[in-house]
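In order, the protein sequences belong to chains A and B. All the letters of the first sequence, read from the start, carry residue numbers 1 to 458 under this note's numbering. All the letters of the second sequence, read from the start, carry residue numbers 1 to 458 under this note's numbering.
Don't read these hints as lab results, they were simulated from the structure. Treat the hints with care, as some may be off.
Any copy, or any two copies together, can satisfy a pair, since identical chains are not distinguished.
Straight-line C-alpha distance at most 16 Å; calculated EDC-like pairs for lysine to aspartate or glutamate [to be verified]:
| id | residue 1 | residue 2 |
| --- | --- | --- |
| 1 | Lys314 | Glu404 |
| 2 | Lys396 | Glu242 |
| 3 | Lys188 | Glu377 |
| 4 | Lys322 | Glu235 |
| 5 | Lys188 | Asp412 |
| 6 | Lys322 | Asp24 |
| 7 | Lys455 | Asp412 |
| 8 | Lys21 | Glu317 |
| 9 | Lys21 | Glu263 |
| 10 | Lys455 | Glu48 |
| 11 | Lys314 | Asp117 |
| 12 | Lys314 | Asp412 |
2 protein chains.
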Amino acid sequence: MDWIADYFAHPERYPVLSQVKPGDIRSALPAEAPEHGEAFSAILSDFERLIVPGVTHWNHPGFFAYFAITGSAPGVLAEFLSAALNAQGMLWRTSPSVTELEEVALGWLRRLMGLPDLFEGVIYDTASISSLHALATAREAAVDRVRTAGMPGRPELPRYRVYCSDQAHSSIDKAVILLGLGHDALWKIPSDAEFRMRADELDLAIAEDRRAGIVPMAVVATVGTTSTTSVDPVEAIVAICERERIWLHVDCAYAGSAAIVPECRYILNGVERADSMVVNPHKWLFTPFDLSAFYCRRMDLLRQAFSLTPEYLKTTEAGAVKNLMDTGVQLGRRFRALKLWMILRYFGAEGIRARLSEHMRLARLFAGWVDGDPDFERLAPVPFSVVCFRARPRGKDWSEAGLETLNQRLLDAMNATGEVFLSHTKLNGRFTLRLAVGNLRTEERHVARAWELAKTLL
Amino acid sequence: MDWIADYFAHPERYPVLSQVKPGDIRSALPAEAPEHGEAFSAILSDFERLIVPGVTHWNHPGFFAYFAITGSAPGVLAEFLSAALNAQGMLWRTSPSVTELEEVALGWLRRLMGLPDLFEGVIYDTASISSLHALATAREAAVDRVRTAGMPGRPELPRYRVYCSDQAHSSIDKAVILLGLGHDALWKIPSDAEFRMRADELDLAIAEDRRAGIVPMAVVATVGTTSTTSVDPVEAIVAICERERIWLHVDCAYAGSAAIVPECRYILNGVERADSMVVNPHKWLFTPFDLSAFYCRRMDLLRQAFSLTPEYLKTTEAGAVKNLMDTGVQLGRRFRALKLWMILRYFGAEGIRARLSEHMRLARLFAGWVDGDPDFERLAPVPFSVVCFRARPRGKDWSEAGLETLNQRLLDAMNATGEVFLSHTKLNGRFTLRLAVGNLRTEERHVARAWELAKTLL
Numbered sequence: 001m002d003w004i005a006d007y008f009a010h011p012e013r014y015p016v017l018s019q020v021k022p023g024d025i026r027s028a029l030p031a032e033a034p035e036h037g038e039a040f041s042a043i044l045s046d047f048e049r050l051i052v053p054g055v056t057h058w059n060h061p062g063f064f065a066y067f068a069i070t071g072s073a074p075g076v077l078a079e080f081l082s083a084a085l086n087a088q089g090m091l092w093r094t095s096p097s098v099t100e101l102e103e104v105a106l107g108w109l110r111r112l113m114g115l116p117d118l119f120e121g122v123i124y125d126t127a128s129i130s131s132l133h134a135l136a137t138a139r140e141a142a143v144d145r146v147r148t149a150g151m152p153g154r155p156e157l158p159r160y161r162v163y164c165s166d167q168a169h170s171s172i173d174k175a176v177i178l179l180g181l182g183h184d185a186l187w188k189i190p191s192d193a194e195f196r197m198r199a200d201e202l203d204l205a206i207a208e209d210r211r212a213g214i215v216p217m218a219v220v221a222t223v224g225t226t227s228t229t230s231v232d233p234v235e236a237i238v239a240i241c242e243r244e245r246i247w248l249h250v251d252c253a254y255a256g257s258a259a260i261v262p263e264c265r266y267i268l269n270g271v272e273r274a275d276s277m278v279v280n281p282h283k284w285l286f287t288p289f290d291l292s293a294f295y296c297r298r299m300d301l302l303r304q305a306f307s308l309t310p311e312y313l314k315t316t317e318a319g320a321v322k323n324l325m326d327t328g329v330q331l332g333r334r335f336r337a338l339k340l341w342m343i344l345r346y347f348g349a350e351g352i353r354a355r356l357s358e359h360m361r362l363a364r365l366f367a368g369w370v371d372g373d374p375d376f377e378r379l380a381p382v383p384f385s386v387v388c389f390r391a392r393p394r395g396k397d398w399s400e401a402g403l404e405t406l407n408q409r410l411l412d413a414m415n416a417t418g419e420v421f422l423s424h425t426k427l428n429g430r431f432t433l434r435l436a437v438g439n440l441r442t443e444e445r446h447v448a449r450a451w452e453l454a455k456t457l458l
Numbered sequence: 001m002d003w004i005a006d007y008f009a010h011p012e013r014y015p016v017l018s019q020v021k022p023g024d025i026r027s028a029l030p031a032e033a034p035e036h037g038e039a040f041s042a043i044l045s046d047f048e049r050l051i052v053p054g055v056t057h058w059n060h061p062g063f064f065a066y067f068a069i070t071g072s073a074p075g076v077l078a079e080f081l082s083a084a085l086n087a088q089g090m091l092w093r094t095s096p097s098v099t100e101l102e103e104v105a106l107g108w109l110r111r112l113m114g115l116p117d118l119f120e121g122v123i124y125d126t127a128s129i130s131s132l133h134a135l136a137t138a139r140e141a142a143v144d145r146v147r148t149a150g151m152p153g154r155p156e157l158p159r160y161r162v163y164c165s166d167q168a169h170s171s172i173d174k175a176v177i178l179l180g181l182g183h184d185a186l187w188k189i190p191s192d193a194e195f196r197m198r199a200d201e202l203d204l205a206i207a208e209d210r211r212a213g214i215v216p217m218a219v220v221a222t223v224g225t226t227s228t229t230s231v232d233p234v235e236a237i238v239a240i241c242e243r244e245r246i247w248l249h250v251d252c253a254y255a256g257s258a259a260i261v262p263e264c265r266y267i268l269n270g271v272e273r274a275d276s277m278v279v280n281p282h283k284w285l286f287t288p289f290d291l292s293a294f295y296c297r298r299m300d301l302l303r304q305a306f307s308l309t310p311e312y313l314k315t316t317e318a319g320a321v322k323n324l325m326d327t328g329v330q331l332g333r334r335f336r337a338l339k340l341w342m343i344l345r346y347f348g349a350e351g352i353r354a355r356l357s358e359h360m361r362l363a364r365l366f367a368g369w370v371d372g373d374p375d376f377e378r379l380a381p382v383p384f385s386v387v388c389f390r391a392r393p394r395g396k397d398w399s400e401a402g403l404e405t406l407n408q409r410l411l412d413a414m415n416a417t418g419e420v421f422l423s424h425t426k427l428n429g430r431f432t433l434r435l436a437v438g439n440l441r442t443e444e445r446h447v448a449r450a451w452e453l454a455k456t457l458l
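When you get a sec, could you build the whole thing from the sequences and use the hints?
As structure tokens, then:
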């Protein structure tokens with residue numbers, strides 16, 4: 001407890017990106033478990049001495065990589081309580097609070113985002129699993145008797161197609177592979193100059209597939225893509241899906257929380273007509289990893305795809321209560337709703353809006369510095385809290401390869417300081433630095449320091 | 001912290017099975033998140049007042065339902081540290097300690113169980129996900145180009161078959177459905193009088209399928225089935241799988257830990273020749289939920305099925321390091337290895353052996369009481385720490401329906417006391433009570449009290 005309080009007070013005493021070499025941690029530890037038990041104090045001391053140096057500090061205010069996240073204090077305490085209770089939510093009776101608090105907390109979040117109540121929610125571990133369930137339900141709707149008869153050895157079945165943009169997250173690729181549709185069944189629709197799916201191209205692709213006898217199964221739109229946080233035109237996409245009767249899943253894993261801020265409410269326009277959506281409170285809602293909130297208008301179909309009750313799990317309340325095990329492939333469920341409930345209460349709607357707005361202000365500030373500097377260029381719009389940019393020093397005729405070398409070197413130099421950690425992406429083949437703001441401890445001075453480092457290390 | 005210390009000192013002050021009615025928790029809570037933030041003390045007080053009454057106490061020494069489990073103190077503290085660090089293990093660099101400590105802790109567990117080092121391990125959340133990955137890898141091996149081309153719309157593909165016993169866990173059913181093979185592709189081999197898969201029946205089923213042009217894809221054997229903890233004859237099964245070149249996955253989710261006890265080492269005989277196995281430290285190794293350890297001899301094939309690196313996750317160490325995201329469908333990974341490492345050190349091999357042996361002694365003791373009482377009967381052998389039994393009062397010619405009513409009433413009466421919580425199953429159509437020992441706090445007096453209640457409430 002003391003260690004944690006001290007750590008939370010000063011996470012910046014550690015380098016943000018761990019400086020160990022591959023194998024350092026492993027080789028510092030014995031190959032066999034001890035024969036005799038040890039005191040917890042000895043274990044904790046080894047934790048500090050051997051394990052902490054190999055930790056990349058996601059709590060550091062200079063963590064600007066991927067999507068910067070925060071496990072806030074009320075969330076961490078809730079995880080502690082949840083681990084102590086060790087309640088397992090597979091059935092209502094194995095802890096009624098797990099099932100019912102999940103319903104309540106997801107209802108709160110749904111209303112904060114302005115999503116209608118006809119979306120039923122369920123908590124999974126990750127967006128990978130949420131989107132997997134979305135596409136599994138789309139498959140249940142599209143493929144006759146898939147639950148019992150499966151897909152191989154059925155010559156009567158056509159090929160199917162799932163569509164997403166070329167900016168969609170890799171979890172969609174993995175879901176399509178796992179579901180047995182094959183990676184070729186995933187069609188990546190080109191995006192426009194601002195990295196948003198082109199609805200006209202989606203329309204064309206669907207028409208072309210239908211002509212070729214390929215059956216469209218699902219479209220995955222993204223609100224807040226991973227590279228640039230671009231927002232697909234969900235209203236145009238949902239109109240196509242409604243007309244064509246295709247399942248629409250919207251991946252709002254990172255940006256969905258932003259809909260709590262009134263100026264960003266528009267980002268979910270059209271999502272109320274989608275079949276399912278996912279938002280991850282562990283990304284931009286101060287929740288310790290892991291907690292993915294999945295909302296679906298056809299949870300009955302999801303249950304039809306997966307519910308299956310062996311005798312040893314039958315209960316006498318059946319019918320009157322919801323059993324979480326019916327809503328997916330994982331039987332066991334941690335008590336994750338506790339942290340979401342505590343966090344929403346601790347910050348309140350007001351506190352969440354203020355913090356998300358501040359993160360967006362810091363990102364716009366950084367973007368302004370980039371725009372105003374002739375040696376740098378911005379490579380994408382900044383709708384939320386992520387800035388895509390690169391160095392392009394004036395006075396030289398740069399090749400793409402030269403810019404990649406220069407920016408990779410700049411990125412490595414910035415990360416080697418231990419003061420900041422940024423990650424990269426590629427946009428239209430251009431090597432791009434990403435500055436992602438999302439940590440509760442990040443203040444203007446940290447963003448300013450990142451900019452200073454970028455300029456001085458160039 | 002104080003609340004948890006107090007709770008751990010006296011979990012038996014609460015009824016083990018929550019006594020709330022459906023809807024009680026939900027209706028005690030507002031439908032909207034608060035506008036203004038609240039003090040943590042107010043939230044904690046509501047937690048005690050509103051949430052705890054709806055918790056079924058898995059920590060209670062009278063918890064004898066399903067598989068009784070324990071989140072031990074070092075495990076709970078490790079979860080607290082893990083939540084505080086909020087480290088995400090998708091890539092080696094996002095916290096080298098997450099990747100490398102996972103390798104070390106899984107190596108310790110593998111050696112404690114006597115499994116050869118050629119099994120590579122990975123930590124997932126649940127056995128449902130572990131077994132899903134096992135069968136996905138078996139599919140990768142069996143179905144030509146399944147990753148890219150998928151299965152529908154390919155008339156050249158045959159039907160496939162997965163085999164398990166009629167006692168196997170429902171997660172196998174769900175995995176087969178999710179993978180798109182269809183529930184009909186799962187063939188349940190009859191078990192013998194002691195609930196073990198009949199290897200001769202497996203042999204016949206495979207031969208018959210081959211004659212019908214159905215391709216055997218995988219066999220799932222179980223060491224410690226859910227209803228009776230029976231152990232399938234893995235040596236006979238693995239011989240068949242080797243001869244027929246079929247993937248063998250062994251579900252040791254509950255009982256695998258028992259192999260740490262020398263007298264139980266035999267239960268994994270043959271597993272060293274299997275392709276994959278799963279054991280859940282969150283079941284019988286004092287680990288707070290969730291932590292499932294998956295071991296595989298063909299992790300290369302699993303990576304071939306799933307690895308996929310978008311640009312924004314490419315790192316310069318690639319090749320030299322292992323990135324956990326390549327080993328499965330979930331991109332994000334919690335720092336779960338920390339609790340396994342701390343638990344193995346805290347108890348030591350000796351401490352684990354002593355506690356598991358004691359649980360098995362208590363189960364045998366209870367079984368002896370059942371066997372010695374003319375009003376009760378035991379319905380399955382007791383290889384580990386679960387006793388299957390029922391009341392069958394002498395002097396009456398019972399029908400099965402009459403015995404079911406009697407025993408359901410007895411079960412409800414025992415659970416209504418709040419002192420114990422047992423669950424049930426059906427064995428050959430017979431309604432069966434299960435007493436599962438697995439909690440660190442369970443002593444002989446608690447098992448004796450369960451027996452006393454069974455006798456007095458009959």
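Verification of the hints:
{"no.": "1", "hint": "Lys314 x Glu404", "result": "between (59 Å within a copy, 14 Å between copies)"}
{"no.": "2", "hint": "Lys396 x Glu242", "result": "neither (51 Å within a copy, 64 Å between copies)"}
{"no.": "3", "hint": "Lys188 x Glu377", "result": "neither (27 Å within a copy, 62 Å between copies)"}
{"no.": "4", "hint": "Lys322 x Glu235", "result": "neither (33 Å within a copy, 41 Å between copies)"}
{"no.": "5", "hint": "Lys188 x Asp412", "result": "neither (31 Å within a copy, 55 Å between copies)"}
{"no.": "6", "hint": "Lys322 x Asp24", "result": "between (47 Å within a copy, 13 Å between copies)"}
{"no.": "7", "hint": "Lys455 x Asp412", "result": "within (14 Å within a copy, 71 Å between copies)"}
{"no.": "8", "hint": "Lys21 x Glu317", "result": "between (54 Å within a copy, 10 Å between copies)"}
{"no.": "9", "hint": "Lys21 x Glu263", "result": "neither (44 Å within a copy, 41 Å between copies)"}
{"no.": "10", "hint": "Lys455 x Glu48", "result": "neither (34 Å within a copy, 52 Å between copies)"}
{"no.": "11", "hint": "Lys314 x Asp117", "result": "neither (29 Å within a copy, 40 Å between copies)"}
{"no.": "12", "hint": "Lys314 x Asp412", "result": "between (56 Å within a copy, 13 Å between copies)"}
Hint compliance for this structure: hints 2, 3, 4, 5, 9, 10 and 11 are broken, all remaining hints hold.
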